[in-house]
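Participant: Let the sequences and hints guide you as you build the complete structure.
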Amino acid sequence: NAGVTQTPKFQVLKTGQSMTLQCAQDMNHEYMSWYRQDPGMGLRLIHYSVGAGITDQGEVPNGYNVSRSTTEDFPLRLLSAAPSQTSVYFCASSTIAAGYGYTFGSGTRLTVV
Amino acid sequence: GESVGLHLPTLSVQEGDNSIINCAYSNSASDYFIWYKQESGKGPQFIIDIRSNMDKRQGQRVTVLLNKTVKHLSLQIAATQPGDSAVYFCAGRNAGNMLTFGGGTRLMVKP
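Residue numbers (our numbering), protein chains in the order written: chain R, 1 to 113; chain B, 1 to 111.
Hints listed in this document are in silico derivations from the structure and should not be mistaken for laboratory results. Possibly wrong hints are sitting among the right ones.
Unchecked claim - With a straight-line Cα cutoff of 30 Å, these simulated DSSO-like cross-link-like pairs (lysine-lysine) come out: (1) B/K56 / B/K71; (2) R/K9 / B/K42; (3) B/K42 / B/K110; (4) B/K42 / B/K56; (5) B/K42 / R/K14.
Unchecked claim - On the chain B side, residues computed to face chain R include the following (Cβ under 7 Å): (6) P44; (7) G59; (8) M98.
Stated by the list, open to error - A few chain R residues that face chain B, going by a derived Cβ cut-off under 10 Å, partial list only: (9) Q37; (10) D56; (11) G58; (12) N62; (13) G101.
Small disclaimer: the values here were computed from a predicted structure and weren't measured. We put the CB at the ideal spot given by N, CA and C, even for glycine.
Facilitator: This is the structure we're talking about:
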């Protein structure tokens, strides 16, 4: 049981490049989400999904796209990277049922130069 | 606006003492709160949670207190150990199962 797996762990991009951050969970969780964590700030929600085929925007969605074609996978796409997107990105999953805490991945540290 | 924030950015305690980390929230509609521990280079790890219809919940060496009147919750760690050194986040759950996180408190345990 691997939990939530994020790849890559580290990535450096040039401004304007695109890339996809991968997130996979093997716990059959309905709910998956992406957060970014910046120095001195808490985690901010980018996008989330309550099930396959359903996605919605969080607090800071601009510059990011997501899709949820399967229960297991929830990739985050940066279409045209900007220095402001330099951050640590965390994927999390949970059941929809009330009272269940989230399980987080170990994070992807992204630097845009 | 909706926010969950922390009173102190850094807390330094002596090993063996009790630690208290505080958190204020603004959305009275939050029905569920979670405390997370984040060690350097790792993702947040679930510690303890509490529903809004409770005012106290205890775990192993940890206790969470919720005061809905003043929209405040706290995390108490008994007999703090060096392994407790980390950043602690509170989070409140709102509509759509969305979590709003506070800015984090760094707990430093002195030997």
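Participant: Does each hint hold? Answer for all of them.
Facilitator: Each hint, compared with the structure:
no.	hint	verdict
1	B/K56 / B/K71	holds (14 Å)
2	R/K9 / B/K42	holds (11 Å)
3	B/K42 / B/K110	holds (22 Å)
4	B/K42 / B/K56	holds (28 Å)
5	B/K42 / R/K14	holds (25 Å)
6	P44	holds (5 Å)
7	G59	violated (12 Å)
8	M98	holds (6 Å)
9	Q37	holds (9 Å)
10	D56	holds (7 Å)
11	G58	holds (7 Å)
12	N62	violated (17 Å)
13	G101	holds (4 Å)
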